Amino acid sequence: GQNIDQPTEMTATEGAIVQINCTYQTSGFNGLFWYQQHAGEAPTFLSYNVLDGLEEKGRFSSFLSRSKGYSYLLLKELQMKDSASYLCAVREGNYGQNFVFGPGTRLSVLP
Amino acid sequence: GAGVSQSPSNKVTEKGKDVELRCDPISGHTALYWYRQRLGQGLEFLIYFQGNSAPDKSGLPSDRFSAERTGESVSTLTIQRTQQEDSAVYLCASSPSPGLAVTYEQYFGPGTRLTVT
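Quick mapping for you: the protein sequence lines, in order, are chains R and V. Taking the numbering used here, the leading residue of the first sequence gets 1, the next gets one more, and so forth. Taking the numbering used here, the leading residue of the second sequence gets 1001, the next gets one more, and so forth.
Okay, chain V solo, but in the shape it has when bound (with noise of 0.2 Å):
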């Protein structure tokens, strides 16, 4: 398909699991972003990557999630030592190449719901 897509669409993992989710963005697309939103609550910013470099990591809420991508395409978000305070839907975004005067918005996949037991 054309969209932005993720994987796993579900996960529950056991506390102190590592867990691996996967973000294939729109062909073409530089940007991506990766957010946490626990339920009921708004879209927390994790990390920016601009081609496969991540100029802003400021979101990432401690040293056991880190992020990679590979290119303009994959990109994967590691959590390491899950606790049950992960548990949240993680959703990717990419966009076309930042500008200022471009009118970009970010395409969101479906998300991966992480559960934490």
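Extracted from the complex, chain R is given alone in its bound form (with noise of 0.2 Å):
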């Protein structure tokens, strides 16, 4: 089956760094992204991994360990900006057509 996990919300104090995790169990793996979601607004893209390791971004890093089924997104310097949701998704599927979302992490940045 397909279950993938994520802290249902985070709190964090600007200026601050936070990782956000994200566990997975998919019938396939070809690929794990990080969105960005703002309240009322579509989700954007923030990462891409398909190899184990660090993938860094400017403010934000991802990490992944695919014989743990496991995942990160690291926040730093947080900026109110980034109070959002947090989706990791799982691309499946030998043609790795199917995404599969997780629930999402919603995080608040306060001052």
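Careful, some of the hints might be misleading.
[Stated by the list, open to error] Facing chain R, from chain V, some residues (calculated, C-beta under 10 Å):
#1 G1040
#2 Y1048
#3 D1056
#4 S1058
#5 G1109
#6 R1113
#7 T1115
[Said to hold, decoys possible] Pairs of lysine to aspartate or glutamate residues, derived as DMTMM-like cross-links and limited to a Cα-Cα distance of at most 20 Å, are as follows:
#8 R:K76 to R:E56
#9 V:K1057 to R:E92
#10 V:K1011 to V:E1085
#11 R:K68 to R:D5
#12 V:K1011 to R:E92
#13 R:K57 to R:D82
For the record, the hints were derived by calculation from the structure and aren't laboratory data. Since the model is a prediction, treat every value here as computed from it, not as a measurement. We treat Cβ as the ideally placed atom computed from N, Cα and C, and that holds for glycine.
Two independent chains are provided; combine them into the complex using the hints.
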């Protein structure tokens, strides 16, 4: 079966670092994506991992361990505008056409 | 514009009526996806198109839901005899041709907020 788990909510302080974890059990694996979704808006792409290790992109980094079925999104130097939901998604299938999304983690950044 | 567009942005309908939601993907994107997102919840996969064929319809929740796509462009999601449980935001996304070595992400439209009264 398919199962992607993320914490429901997290709170952090402006300027701090926060790590959002994602664990997955899917029938196939062809990459893991992180999306950001502000309230009332569509998700936007943040990062992609297909090999084990860390991918860094400015203030955001994403890590993947395929053997553990585990990923995290690391946000540094938090800003108020980072308050949003963060969605973890796994691309499955031989041709990678199926995306399975986690429930999302609602992050609140406090002053 | 260059992004994914959806219409209408908001739709209020009475229980039992049919509704049609439209998605215009980014030009050249062969893959198109429909998702449903209930308030405060994650994305629920509905259907995937590659070109105008739908190799994966596994997410459609019932036979009241159907979707079609014209070529590699517009797609419509139709919900017949709507129920209150159908109230949600319906998101459409498109992406370039799939490939094992391609890092392609989905580009989402703004969604259609459907309210069934």
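Hint check:
no.: 1; hint: G1040; verdict: 8 Å, holds
no.: 2; hint: Y1048; verdict: 5 Å, holds
no.: 3; hint: D1056; verdict: 6 Å, holds
no.: 4; hint: S1058; verdict: 8 Å, holds
no.: 5; hint: G1109; verdict: 6 Å, holds
no.: 6; hint: R1113; verdict: 9 Å, holds
no.: 7; hint: T1115; verdict: 14 Å, violated
no.: 8; hint: R:K76 to R:E56; verdict: 11 Å, holds
no.: 9; hint: V:K1057 to R:E92; verdict: 15 Å, holds
no.: 10; hint: V:K1011 to V:E1085; verdict: 14 Å, holds
no.: 11; hint: R:K68 to R:D5; verdict: 13 Å, holds
no.: 12; hint: V:K1011 to R:E92; verdict: 32 Å, violated
no.: 13; hint: R:K57 to R:D82; verdict: 15 Å, holds
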